[in-house]
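Let chain G serve as the given structure and place chain Z on it in line with the hints.
2 protein chains.
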Amino acid sequence: MTKEIDRRTLLAISTLLATGAAFPAAADDKPTGDPRGAIMEIPPDAPKVAMLIHPKMVAIDLIGPMSVFNIMRFNVQLVWKDKTPVTTELGIPIQATHTFEECPSDLDVLFVAGGLMGTIDCMNDPDVLAFLADRGERAKWVTSVCTGGLLIGAAGLLKGYDATANWTVTDLLPLLGARHVDKRVVRDRNRMTGAGATAGLDFALELSAEMKGEEAARRVQLILEYAPAPPFSNGTPKQAGPQRVAEMRKRRTGMDRQARAAAELAGKRLGISRG
Amino acid sequence: MTKEIDRRTLLAISTLLATGAAFPAAADDKPTGDPRGAIMEIPPDAPKVAMLIHPKMVAIDLIGPMSVFNIMRFNVQLVWKDKTPVTTELGIPIQATHTFEECPSDLDVLFVAGGLMGTIDCMNDPDVLAFLADRGERAKWVTSVCTGGLLIGAAGLLKGYDATANWTVTDLLPLLGARHVDKRVVRDRNRMTGAGATAGLDFALELSAEMKGEEAARRVQLILEYAPAPPFSNGTPKQAGPQRVAEMRKRRTGMDRQARAAAELAGKRLGISRG
Chain G
1 MTKEIDRRTL
11 LAISTLLATG
21 AAFPAAADDK
31 PTGDPRGAIM
41 EIPPDAPKVA
51 MLIHPKMVAI
61 DLIGPMSVFN
71 IMRFNVQLVW
81 KDKTPVTTEL
91 GIPIQATHTF
101 EECPSDLDVL
111 FVAGGLMGTI
121 DCMNDPDVLA
131 FLADRGERAK
141 WVTSVCTGGL
151 LIGAAGLLKG
161 YDATANWTVT
171 DLLPLLGARH
181 VDKRVVRDRN
191 RMTGAGATAG
201 LDFALELSAE
211 MKGEEAARRV
221 QLILEYAPAP
231 PFSNGTPKQA
241 GPQRVAEMRK
251 RRTGMDRQAR
261 AAAELAGKRL
271 GISRG
Chain Z
1 MTKEIDRRTL
11 LAISTLLATG
21 AAFPAAADDK
31 PTGDPRGAIM
41 EIPPDAPKVA
51 MLIHPKMVAI
61 DLIGPMSVFN
71 IMRFNVQLVW
81 KDKTPVTTEL
91 GIPIQATHTF
101 EECPSDLDVL
111 FVAGGLMGTI
121 DCMNDPDVLA
131 FLADRGERAK
141 WVTSVCTGGL
151 LIGAAGLLKG
161 YDATANWTVT
171 DLLPLLGARH
181 VDKRVVRDRN
191 RMTGAGATAG
201 LDFALELSAE
211 MKGEEAARRV
221 QLILEYAPAP
231 PFSNGTPKQA
241 GPQRVAEMRK
251 RRTGMDRQAR
261 AAAELAGKRL
271 GISRG
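Those protein sequences? They're chains G and Z, same order as listed. The letter at position 63 of the first sequence is residue 63 when you use the working numbering, and the numbering goes up by one with no holes. The letter at position 80 of the second sequence is residue 80 when you use the working numbering, and the numbering goes up by one with no holes.
If we strip away everything but chain G, and leave its shape as in the complex, we get (with noise of 0.2 Å):
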């Protein structure tokens, strides 16, 4: 994207993003009377919930628990180095509401979604580091989705503590400092972490539970309608075994050797030993 187009039009795709933003919770859940959506604000007390957004993201990690966080009315920002859209793995591209600077210093909560080549990206980015550090110091929650882990693994916030990622990456978890506990969604003290991409719902439902109780959170499983039926049980690489497994690690074998250099580095530079 170019400057000019930054400088034109990024002022009224901030407002639509605005107006859209102020939408209440799924446009399923309008209010009697209004069913219009006739704009109604976030509560001013709402949950501060910054997520990093990145270039090479994957849409669903980020889209999953968003659709979770809107519809409990959490005042979701979407935080990148700048306002130029990032583009995710579908072609979509995703504008940051918030750049760096411009996000609320003491958060609620901080979430790094995922997305392998732009996760590596990051954890090789001093600004991105230090902005996660930063905020992720004071923030009542640090979480993540999928390969977002690791990102925040190398930022130093996964150091002494248990959690999870996608499973092509779990094994580089202790690199970090981190335990690796395989569950779906892992939560450590103020630390909550979730495995690969669609795992974004079931983390977002679960934060929503810890952060204003399981009546609201019941709510939301019941307005996306979240009762998955999958059609296999091929979810996790035990449940697709040892060739499945294989066949897919092959074709990946590029990608892991980058991921795992850069855990290396990030681990070497947080001074973590290896046990």
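These are computed hints drawn from the structure, not numbers from a lab. One thing to keep in mind: the hints can contain errors.
Said to hold, decoys possible - Distance condition first, Cα-Cα at most 25 Å in a straight line; then the derived DSS-like pairs of lysine-lysine:
hint, chain 1, residue 1, chain 2, residue 2
1, G, K159, G, K183
2, G, K183, G, K238
3, G, K238, Z, K212
4, Z, K238, G, K212
5, G, K83, Z, K83
6, G, K48, G, K140
7, Z, K250, G, K212
8, Z, K81, Z, K48
9, Z, K250, Z, K238
10, Z, K212, G, K250
11, Z, K83, Z, K159
12, G, K140, G, K250
13, Z, K212, Z, K140
14, G, K159, G, K268
15, Z, K140, Z, K159
Remember, predicted model here, so these are calculated numbers, not experimental data.
For chain Z alone, kept in the frame of chain G given last:
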């Protein structure tokens, strides 16, 4: 969005989209040796999938299935009247890659996402209905998720078919000549309809398996780590229980009334006599 933005920036945004659309599968699934995702072609014989987007749509209705179709390397097109980005309930604008005119005439899959207020607008919009009726007549598969089921119904595409939709509107399906079947994903001949919002993942895996075989769909499931583990059992009216359902219904009587009116009008147009 103003016309000015349209002209000045959509070309640039289109470029972004085009680049992104050519990303191979999920960012986590790039082949060895080319981990940065140098542009990989969609296979020339890839199934042509047209996904209708519309203002006020619910983002996850689209992003869930699109994430699956993208990893399947289907030729996914986002279709709307024009290329002014539509705003989703999350405030994230999404731009069509193809207008109605540009959309291929013979599709492998016609798909319609939900978001009730947007769906209602479309149910009353002759251009949208004409487009859906035309493409739906020849498409190999006619599909929907969430309240998108109402919309393909209003276009006459569910007359005499079993179907489902978001749980809040399934009672309206008979007005459109369809028989509601209480399942997460309902298939009847070449119609496949999904329940609310998150059912899009289950739907897309099932459709992918039908189109390209179970192994291909299982591979996608592993890449998306789709082994859901919701913290509660509250994703259907039955699971939530009558009290929670009544509470939710109370908040949406205005919207429900509009949905019924739109369905009755559509049913009348289609000459459906209620049994």
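Hints and how they fare:
Of the supplied pair hints, the one linking K159 of chain G and K183 of chain G holds, its CA atoms being roughly 18 Å apart against a limit of 25 Å. A C-alpha spacing of about 12 Å is found between K183 of chain G and K238 of chain G, which places the hinted pair at or below 25 Å, so the restraint holds. Distance check on the hinted pair: K238 of chain G and K212 of chain Z sit about 23 Å apart at the alpha-carbon level, within 25 Å; holds. In summary, the hint linking K238 of chain Z to K212 of chain G is supported, as the alpha carbons are separated by about 23 Å, within the 25 Å threshold.
Only pairs whose Cα atoms come within 25 Å are accepted, and K83 of chain G paired with K83 of chain Z is accepted, the gap being roughly 21 Å. With a C-alpha separation of about 10 Å, the suggested pairing of K48 of chain G with K140 of chain G holds against the 25 Å cut-off. Restraint check: the Cα-Cα separation between K250 of chain Z and K212 of chain G comes to about 22 Å, which is no more than 25 Å; the hinted pair holds. Taking the CA atoms of K81 of chain Z and K48 of chain Z, the gap is about 18 Å. The hint holds against a cut of 25 Å.
For the suggested pair K250 of chain Z and K238 of chain Z, the alpha carbons sit about 17 Å apart, so the restraint of at most 25 Å is met. Proposed proximity of K212 of chain Z and K250 of chain G is supported: the alpha carbons are some 22 Å apart, at most 25 Å. Only pairs whose Cα atoms come within 25 Å are accepted, and K83 of chain Z paired with K159 of chain Z is rejected, the gap being roughly 31 Å. Proximity of K140 of chain G to K250 of chain G is assessed by CA-CA distance (about 39 Å); at most 25 Å being required, the pair is judged violated.
A threshold of 25 Å between alpha carbons decides the hint, and for K212 of chain Z with K140 of chain Z the separation of about 14 Å falls inside it, so the pair holds. For the hint pairing K159 of chain G with K268 of chain G, the CA-to-CA distance comes to about 12 Å; that is within 25 Å, so the pair holds. For the hint linking K140 of chain Z to K159 of chain Z, the alpha-carbon distance of about 17 Å falls within 25 Å, and the restraint holds.
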